[in-house]
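Residue numbers (this note's numbering), protein chains in the order written: chain U, 168 to 622; chain F, 168 to 622.
Keep in mind that the hints were calculated from the coordinates and are not lab data. Any given hint could be a false lead.
Same chains, same label: a pair holds when it works inside one copy or across any pair of copies.
Listed below are the simulated SDA-like cross-link pairs for lysine to any residue, each with C-alpha atoms no more than 25 Å apart in a straight line [claimed, not checked]:
hint	residue 1	residue 2
1	LYS403	GLN515
2	LYS245	LYS511
3	LYS511	VAL335
4	LYS524	PRO568
5	LYS481	LEU535
6	LYS401	TYR520
7	LYS437	THR383
8	LYS403	PHE475
9	LYS401	TYR512
10	LYS408	ASP352
11	LYS405	LEU577
2 protein chains.
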Amino acid sequence: MKEVIDFIDSNYERYLDELKEFLRIPSISTLPEHSRDMQTAAEFVAAKLKDAGMNKVEIFQTEGHPLVYAEWLGAPGKPTVLIYGHYDVQPVDPIELWESPPFEPTIKGDNIYARGATDDKGQMFVHIKSVEAYFKTYGSLPLNVKFIIEGEEEIGSSNLTSFLKNNVELLKADAVLISDTSLYDVGVPTITYGLRGLAYMEVEVVGPNRDLHSGTYGGAVPNPINILAEMIAKLKDKDAKITITGFYKDVLKLTKEERQNFKALKFSEKEFARSIGIKKSVGEKGYSVLERIWARPTLDCNGIVGGFTGQGAKTVIPSKASAKISMRLVPNQDPKKIEKLFTKYIKQIAPDYVNVKVTSIHGGYPVLAPLDHKATKAAARAMSKAFGKKTIFMREGGSIPIVVDFANRLKACPVLMGLGLDSENLHSPNEHFNLNHFKLGIKSSAYFLDEFSRV
Amino acid sequence: MKEVIDFIDSNYERYLDELKEFLRIPSISTLPEHSRDMQTAAEFVAAKLKDAGMNKVEIFQTEGHPLVYAEWLGAPGKPTVLIYGHYDVQPVDPIELWESPPFEPTIKGDNIYARGATDDKGQMFVHIKSVEAYFKTYGSLPLNVKFIIEGEEEIGSSNLTSFLKNNVELLKADAVLISDTSLYDVGVPTITYGLRGLAYMEVEVVGPNRDLHSGTYGGAVPNPINILAEMIAKLKDKDAKITITGFYKDVLKLTKEERQNFKALKFSEKEFARSIGIKKSVGEKGYSVLERIWARPTLDCNGIVGGFTGQGAKTVIPSKASAKISMRLVPNQDPKKIEKLFTKYIKQIAPDYVNVKVTSIHGGYPVLAPLDHKATKAAARAMSKAFGKKTIFMREGGSIPIVVDFANRLKACPVLMGLGLDSENLHSPNEHFNLNHFKLGIKSSAYFLDEFSRV
Chain U
168 MKEVIDFIDS NYERYLDELK EFLRIPSIST LPEHSRDMQT AAEFVAAKLK
218 DAGMNKVEIF QTEGHPLVYA EWLGAPGKPT VLIYGHYDVQ PVDPIELWES
268 PPFEPTIKGD NIYARGATDD KGQMFVHIKS VEAYFKTYGS LPLNVKFIIE
318 GEEEIGSSNL TSFLKNNVEL LKADAVLISD TSLYDVGVPT ITYGLRGLAY
368 MEVEVVGPNR DLHSGTYGGA VPNPINILAE MIAKLKDKDA KITITGFYKD
418 VLKLTKEERQ NFKALKFSEK EFARSIGIKK SVGEKGYSVL ERIWARPTLD
468 CNGIVGGFTG QGAKTVIPSK ASAKISMRLV PNQDPKKIEK LFTKYIKQIA
518 PDYVNVKVTS IHGGYPVLAP LDHKATKAAA RAMSKAFGKK TIFMREGGSI
568 PIVVDFANRL KACPVLMGLG LDSENLHSPN EHFNLNHFKL GIKSSAYFLD
618 EFSRV
Chain F
168 MKEVIDFIDS NYERYLDELK EFLRIPSIST LPEHSRDMQT AAEFVAAKLK
218 DAGMNKVEIF QTEGHPLVYA EWLGAPGKPT VLIYGHYDVQ PVDPIELWES
268 PPFEPTIKGD NIYARGATDD KGQMFVHIKS VEAYFKTYGS LPLNVKFIIE
318 GEEEIGSSNL TSFLKNNVEL LKADAVLISD TSLYDVGVPT ITYGLRGLAY
368 MEVEVVGPNR DLHSGTYGGA VPNPINILAE MIAKLKDKDA KITITGFYKD
418 VLKLTKEERQ NFKALKFSEK EFARSIGIKK SVGEKGYSVL ERIWARPTLD
468 CNGIVGGFTG QGAKTVIPSK ASAKISMRLV PNQDPKKIEK LFTKYIKQIA
518 PDYVNVKVTS IHGGYPVLAP LDHKATKAAA RAMSKAFGKK TIFMREGGSI
568 PIVVDFANRL KACPVLMGLG LDSENLHSPN EHFNLNHFKL GIKSSAYFLD
618 EFSRV
């Protein structure tokens, strides 16, 4: 391995030049005027994969932007890893807030500034370079490697989703390696092993068949806002436990090890509260902030509207009111099942003198990569070697739908080897990527190929 | 009295012609292009008061439309009645829905159709004609009479309100006679003796200092929508009693007589529910629908808003949410006091980890004319004589701010001798007024002058 690591060190300046070249391509997936740039970016990725040594490289056209596929299957009997990333980037508005042009990569201090630097060109490029270092050093890889790089992550991954559905055999792997999340902190090697799922619902309450004058009718008719409020209040108890019957039934409990891992992290609840302007953090009784955010299911109203919402007064009893209510789910909750439980409970607590409509707007499965999976352990060892520190394990409160699809369709263990930082302005002006993490990422990736080949 | 009633019968055709002339004046107070019509209507009223025999008639110019004042104080030692009405009318849109031109009075069956027919020209004109009948028959009135007729009732009465404040002595009276409400039903003589008041509040809950991603933060931060909903749910108990401490303290209980009066009215709770498309009426335990609407205080959310309210899904925990919450008040509740109790209670039930702002938007006092007041009794006897039926007593759920001002500033008993019907399309196309009620109204008014002079 020493030779590979040395190769990375001595070729680093060239990697940086190539990354800059990649970042100069304005591959904004959502803007039609950039469709040619999308093709250019896909061709750049394909060329770099070919240069690296991947022996089968193919660009698949889709109804949207192209997918880049590559494989090297020269290690029969050894595990197969699928490496995922995306070459598309977010738009750059508001352009006037950029301190350097978004598609003219600029190095300041430890960081390289450009749209896509951390999300996801810089993070994804790491793996192409680790594969190259291996090939250039030993002429082969220690295990089988596939790449699938898409150009539509920022607009919903719909073409990759259907490609995945139709090409399970092509993409089949034991693990899916993804660098599109964050490190817990600067220089802290981190594996994200859990993502929450989602069940997003809408509840509409209809009372009278028209808006009524609150003087003439107030006191004798069901008010849909009051009733909706009462129903929302019944969704949690005083300990912030969700009261929907059966809601927690499938929740995988945090293990002792996980709770200890979270507890060991440098985290200040005070600083967390201060950063978002709240007096104190609140939530489900019996759990820490990190546990609540990463590993416990939640319920939040995301929106509510009914009646008169302008300036001043209008004495109306509205005909209807509605709320968006979503639940973040954790392994092994099933969004389809939760939708049903939610709907049933809402119907049960709704008074019989109003009409209540419950609609499912959107759902997604949670993901959990077992901490004791060989791929997870190999990744942790790899990052520890590269960073020279013990790898920490965290979860994330949000969802990454494509990760769920990989895990479910391919039965592959997701390995989220995030190399970004939450502070790197992804989706905002002055996006940047820490170049120390870029170099340590290439080494982490190389170590992972070695570690995972040995299991 | 027989002579007065005979006079009314034999002059009825002329009264009708005069009413038509009045209705032809397009005195729409809210439209600036009708300001000359407002002057014309005021002059018409003043002329008719002079013709009737009132010996001091004056038009007071205001910052808006003129006020018409008249007095005859030739009965020293006798009570004084102030008669109030308004000569302004609502706009006529949508004009295409009128079956006859709004300012060309048209008689069809028992009704006269025109804008202002029932609200309030027809109802108000009744009293000018009863005074005329008296003067023409006996050469004098049996008690002292004042008139104050405004041209801004449909736009908030602000100039009358300040005139009243500055002219208490001029307007001083023992009773204020007003015909600007409704009969309970066709041909049913009705006195409205109670109006509800209002305290209209706004509550804003602020949690985090910005909108947050519900994946990243959900579970550990206070959600202002959920908290607002929980607070609203705490404003009433399961019997729909309002839980604000001290809220019912000053509520004047319905007397046995009142409850019996209401019970005796022809009223179908089923039909009431059907008419507004609800399965059943609901409200405070232990009270009938009419009691709840007319004589019990209520609390209703008039509007609520927070977070994402568009189509589809946005996984946001909003920074804030707010609701408009109003309470209808009954005698002897004081809106200023209720505002304070509401604010105190809200602050008390608000969790200490959010910021809650309570604002008073608008308030108004309730009114109750004592059933045993001489003016109330005289009015009931008068209507019974004219209609040939027992007068019923009802209340109304809404507010009429100017009535409160009269009652409070002049310490005069309000007598709401409504002659309209809720079905007469006031404020809508094809407004009309039942001419039987017009004639019976003139007689009721004349009987009232007689009855009230004897007390």
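Hints and how they fare:
no., hint, result
1, LYS403 with GLN515, "both (15 Å within a copy, 20 Å between copies)"
2, LYS245 with LYS511, "neither (48 Å within a copy, 71 Å between copies)"
3, LYS511 with VAL335, "neither (36 Å within a copy, 63 Å between copies)"
4, LYS524 with PRO568, "neither (27 Å within a copy, 39 Å between copies)"
5, LYS481 with LEU535, "between (50 Å within a copy, 24 Å between copies)"
6, LYS401 with TYR520, "both (18 Å within a copy, 20 Å between copies)"
7, LYS437 with THR383, "between (50 Å within a copy, 17 Å between copies)"
8, LYS403 with PHE475, "between (27 Å within a copy, 21 Å between copies)"
9, LYS401 with TYR512, "both (10 Å within a copy, 20 Å between copies)"
10, LYS408 with ASP352, "neither (31 Å within a copy, 53 Å between copies)"
11, LYS405 with LEU577, "neither (42 Å within a copy, 52 Å between copies)"
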